[in-house]
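Each chain, written out:
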Amino acid sequence: MLAYLVRRIAWGFATVLGVLLFLFLLFFMLATPDDIARRAVGEKAPQTVLDQWKANHGYDKPRMWNPESPADTMLFDHFRRMLTFDFGRSDADDTPISQRLRDGSGPSLAFTVPLFVLGLALGVGLSLFVAFFRDTYIDRATTVIAVLMMSVSTLLYIIGVQFLLGKLLRWFPISGFDPSPEVILRFLALPVIVGLLAGVGSDLRFYRTVFIEETSRDYVRTARAKGCGEGRIMTHHVLRNSLIPILTGVVMAIPFLFTGSLLLESFFGIPGLGAMTVDAINANDFSTLRVMVYIGSLLFIVGQIATDFSYTLADPRVRLG
Amino acid sequence: MSERALEVEGLVVTFPGETGRTPVVDHLDLVLDAGETLALVGESGCGKSMTALSLLRLVPKPGRIEEGRIRIEGQDVLSLPIADLRSLRGRRAAMIFQEPMTSLNPVHTVGAQVVEAIRLHERVSAGEARRRAGELFARVGIPDPGARLDAYPHQLSGGMKQRVMIAIALAAKPRLLIADEPTTALDVTIQAQILDLLRDLRRDSGMALLLITHDLGIVNEVADRVAVMYAGQLVEQGSREAVLGKPRHPYTQGLLRSIPARAARGARLTEIRGSVPSASAWPTGCRFHPRCPIAFEPCPRIDPGWTELGGGQRARCHAIAREFSA
Amino acid sequence: MESHVWVNCAVALLVLAALAAAWRLRRNVLWREAGRELWRRRPFALAIVGLYTLFALLDSVSWVDAAGAGVREPRSLLVRAFPADFQEASYSAPLADVEFYGGEPLTHPGAHWLGTDILGRDVFLQALRGARVALLVGGLTSLIAIPLALLFGVAAGYRGGWVDDVVVFVISILFAMPGLLLLIALIMALGRGPVQVCVALGVTGWVSFARLARGETLKLRELDYVQAARALGVSELRIVLRHVVPNLMHLVVITFVLTFSGLVLSEAVLSWLGLGIDGSWGQMIDQARDELSRDPIIWWNLTAASAALFGLILAVNLVGDAVRDVLDPRTLRERA
Numbered sequence: 001m002l003a004y005l006v007r008r009i010a011w012g013f014a015t016v017l018g019v020l021l022f023l024f025l026l027f028f029m030l031a032t033p034d035d036i037a038r039r040a041v042g043e044k045a046p047q048t049v050l051d052q053w054k055a056n057h058g059y060d061k062p063r064m065w066n067p068e069s070p071a072d073t074m075l076f077d078h079f080r081r082m083l084t085f086d087f088g089r090s091d092a093d094d095t096p097i098s099q100r101l102r103d104g105s106g107p108s109l110a111f112t113v114p115l116f117v118l119g120l121a122l123g124v125g126l127s128l129f130v131a132f133f134r135d136t137y138i139d140r141a142t143t144v145i146a147v148l149m150m151s152v153s154t155l156l157y158i159i160g161v162q163f164l165l166g167k168l169l170r171w172f173p174i175s176g177f178d179p180s181p182e183v184i185l186r187f188l189a190l191p192v193i194v195g196l197l198a199g200v201g202s203d204l205r206f207y208r209t210v211f212i213e214e215t216s217r218d219y220v221r222t223a224r225a226k227g228c229g230e231g232r233i234m235t236h237h238v239l240r241n242s243l244i245p246i247l248t249g250v251v252m253a254i255p256f257l258f259t260g261s262l263l264l265e266s267f268f269g270i271p272g273l274g275a276m277t278v279d280a281i282n283a284n285d286f287s288t289l290r291v292m293v294y295i296g297s298l299l300f301i302v303g304q305i306a307t308d309f310s311y312t313l314a315d316p317r318v319r320l321g
Numbered sequence: 001m002s003e004r005a006l007e008v009e010g011l012v013v014t015f016p017g018e019t020g021r022t023p024v025v026d027h028l029d030l031v032l033d034a035g036e037t038l039a040l041v042g043e044s045g046c047g048k049s050m051t052a053l054s055l056l057r058l059v060p061k062p063g064r065i066e067e068g069r070i071r072i073e074g075q076d077v078l079s080l081p082i083a084d085l086r087s088l089r090g091r092r093a094a095m096i097f098q099e100p101m102t103s104l105n106p107v108h109t110v111g112a113q114v115v116e117a118i119r120l121h122e123r124v125s126a127g128e129a130r131r132r133a134g135e136l137f138a139r140v141g142i143p144d145p146g147a148r149l150d151a152y153p154h155q156l157s158g159g160m161k162q163r164v165m166i167a168i169a170l171a172a173k174p175r176l177l178i179a180d181e182p183t184t185a186l187d188v189t190i191q192a193q194i195l196d197l198l199r200d201l202r203r204d205s206g207m208a209l210l211l212i213t214h215d216l217g218i219v220n221e222v223a224d225r226v227a228v229m230y231a232g233q234l235v236e237q238g239s240r241e242a243v244l245g246k247p248r249h250p251y252t253q254g255l256l257r258s259i260p261a262r263a264a265r266g267a268r269l270t271e272i273r274g275s276v277p278s279a280s281a282w283p284t285g286c287r288f289h290p291r292c293p294i295a296f297e298p299c300p301r302i303d304p305g306w307t308e309l310g311g312g313q314r315a316r317c318h319a320i321a322r323e324f325s326a
Numbered sequence: 001m002e003s004h005v006w007v008n009c010a011v012a013l014l015v016l017a018a019l020a021a022a023w024r025l026r027r028n029v030l031w032r033e034a035g036r037e038l039w040r041r042r043p044f045a046l047a048i049v050g051l052y053t054l055f056a057l058l059d060s061v062s063w064v065d066a067a068g069a070g071v072r073e074p075r076s077l078l079v080r081a082f083p084a085d086f087q088e089a090s091y092s093a094p095l096a097d098v099e100f101y102g103g104e105p106l107t108h109p110g111a112h113w114l115g116t117d118i119l120g121r122d123v124f125l126q127a128l129r130g131a132r133v134a135l136l137v138g139g140l141t142s143l144i145a146i147p148l149a150l151l152f153g154v155a156a157g158y159r160g161g162w163v164d165d166v167v168v169f170v171i172s173i174l175f176a177m178p179g180l181l182l183l184i185a186l187i188m189a190l191g192r193g194p195v196q197v198c199v200a201l202g203v204t205g206w207v208s209f210a211r212l213a214r215g216e217t218l219k220l221r222e223l224d225y226v227q228a229a230r231a232l233g234v235s236e237l238r239i240v241l242r243h244v245v246p247n248l249m250h251l252v253v254i255t256f257v258l259t260f261s262g263l264v265l266s267e268a269v270l271s272w273l274g275l276g277i278d279g280s281w282g283q284m285i286d287q288a289r290d291e292l293s294r295d296p297i298i299w300w301n302l303t304a305a306s307a308a309l310f311g312l313i314l315a316v317n318l319v320g321d322a323v324r325d326v327l328d329p330r331t332l333r334e335r336a
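In order, the protein sequence lines correspond to chains A, B and C.
Numbering-wise, the working numbering puts 285 at position 285 of the first sequence, and it's gapless, one number per residue.
Numbering-wise, the working numbering puts 311 at position 311 of the second sequence, and it's gapless, one number per residue.
Numbering-wise, the working numbering puts 168 at position 168 of the third sequence, and it's gapless, one number per residue.
Keep in mind the hints are simulated off the structure, nothing from the lab.
Only a predicted model underlies this, so the values are computations on that prediction, with no experimental measurement involved.
All clues given are correct.
Derived pair list, reagent style DMTMM-like, types lysine to aspartate or glutamate, alpha-carbon separation capped at 25 Å: (1) C:Lys219 - A:Glu214; (2) B:Lys61 - A:Asp139; (3) A:Lys54 - A:Asp279; (4) B:Lys173 - B:Glu99; (5) A:Lys44 - A:Asp60; (6) B:Lys246 - B:Glu221; (7) B:Lys61 - C:Asp325; (8) B:Lys246 - B:Asp33; (9) A:Lys167 - C:Glu291; (10) C:Lys219 - A:Asp308; (11) B:Lys173 - A:Asp218; (12) B:Lys61 - A:Asp218; (13) B:Lys61 - A:Glu214; (14) A:Lys167 - C:Asp290; (15) A:Lys167 - C:Asp295; (16) B:Lys61 - C:Asp328; (17) C:Lys219 - A:Glu213; (18) A:Lys61 - A:Asp86; (19) B:Lys61 - A:Glu230; (20) B:Lys61 - C:Glu37; (21) B:Lys173 - B:Asp204; (22) B:Lys173 - A:Glu230; (23) B:Lys61 - C:Asp321; (24) B:Lys61 - B:Glu43; (25) C:Lys219 - A:Asp315.
Required output: the full structure, derived from the provided sequences and hints.
Next up, the structure:
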């Protein structure tokens, strides 16, 4: 078991290094420091201004190879700083990125965690219910509705819900965020509702397929022959055996807990990490963008390793080591 | 006089096919007395597994039981409401399946699965159920039964898994056990052990056993009576001695002749020419006629009825009917 | 040559290639049966997809009028179906006679079925033209990315060894980065043109297919007839081309159709972030957003784009489900 753990972590670390290399190639080789400077300062800025800007941001060193002192390259800096979580300053407005990360995490988590939990409960619960009623009109009607809902772009859900519940019915504020406990729910309601609507269609179809596949297995037939009722079969047999695909889906969603949802946060005025990313896009702020991608990847890789271990709890056939 | 363990009348099971619903079991009649072992014999595709599944209404969709009556210990199975059906399954009649590998739930311990079978039908405490499960394990010959309760199916061999299946089937003390090819997926030596086990259990408890198989060797070991099935119908029935010793139906005769052990060394193996027809293409008249060595004028046209041959033996064959009426 | 000429040639080639592929497949019983089955199950959805494709093609063939004849930009067949001076000055409501603000009479009163947008362009025409962008995003992206994904996936699965290790490593890296963020990063680095957007979408959308292709190849490699071919001395390349790849085709088709809608929806989100392709429905939705807060509301731009987007996505999803059922290896085997 320990050997496996070590191997997995080593692989994860190698992947992280790969991600960093990829980011470096993308942002410093494909898009050169001159490009970045130009986008920050202005297309028509003279070379001296560009050079000054580059010096300020540490973009004036040789990129990959410095014959004088091999470690004094942008490549080395990039790796060193990312791995030590020394994120530096934003290309756009010079604010420290780490600070903004800290500020933004709170609001993002406040909204993504409830969304995730509710989404999972809704998705799994509804799918179990529909799988129980498979091949009846309930099942068929729900599948049709799921396909319809999946075919609507998230943008439209946002616009629709904002308009309907915010403007017309005035149940919730259209946007904004206030962390004080009394009103926080009112501000989170709309984005969470939109998030649920946008996700339930595809969740339903995914989980339903998983559950229905399990119901056709031999061990379910044995359970029925024992006298097990269909309800108990769904909860005790099917669900238990479906944990691995469910867990896998859950892990894929973990990075979103932190990176927030770009669309939802910026539409609903939640000052989280997603909104921060959107600002970075609009301001051509490559340094912030790099950090966001890095953090997201890190979280995903950590989540993957965690899931591999959770598989042992879920399925006794999986024996690591 | 106790009720018959099993009575089947005119059972028809259909599946959707190219031309509407096709029967795979065609007006089948079966009778099994308490404490008896009946072997239902036939090749793959003859409908014997569907027959077994329909006894507990386990026919998988899109299959359907169209007609017939099934009575287990006098109780009409096909008209039972779901709650009563659930109570019948496992308690009055239990079933074991061909594939022990996939028939056990991989994420629960085998002990838990036996306990579930017990507690579905009796109000006992978890501790008591576990104790009983241990006893059942001992009874089916699982060594170190106490420790084995906490094993997972993938940790057990095929033979052990099948023993667990039998333990599960016996948990609620059924009067009828339906075994659908219980040894087909096991090694030969294990087969013998499982058969011995079934024989002992039957003897000790007086349970009736319906054994579905294609292996005539097993039939010889275990059965009291034999019913031979071909293309959705029974073609011969009788006591084991009669059917295996003096088979009358050409199909039964062909089956017995084709057993390699019976052939002389170096001699050519006998076979039944042709192959089993699929349910959508059953021949008209006697379904065996295209492969029958003694088929004659009425065989392709008229479906033969039963001819009683005395001593409880009967066969469906025009040639036999002609012989016995002459 | 000018860009619109390149596009015309590319479109012509695409159509020819599609026809040739369809002809080739018709001779194979399995595919013919599958096609017929698909048409039997979802004729309506298929017809809708066909309709959108038609509009997309009509908008892809364009040319410039002879000098002195009028407009000097290249105009497509679709645009030419409408009058040359169809563009008004600014907003107008559907079927209106006058402008929305100010009440000036329109050049073509009552002719704008879905009104006009802020630049006076006919909304109905814009919605139709969006089909071209959508098919470009969904179709062309996949056309570029599938061969690449197949190449890497099959090579990795079949060769094993260091090729496999490298490919798996690269896939893991790409997969570890959150999809939307990676997309944004790629476009910001590459630039904001349509080609770059398609490349970025291709890279992010097809990583999972490469993995799938690799997994399937691993299984196929162990099949008896492949082993037999190897034992007979058939060259590896031939084995791959004749035995492995054809057995992956059903997965290719399924994945193509299923990811199509995801790609189009992603482009809509990119458009909203300002990173999309000009003329797409996403861009129309983005532009229309603040129109909703005006008083009185301007709703026709948003509705047209949303309806067009929803229509295509729904049709493709329905077709996709049917394709998956029809090409399911189990049903393929039963039918054979």
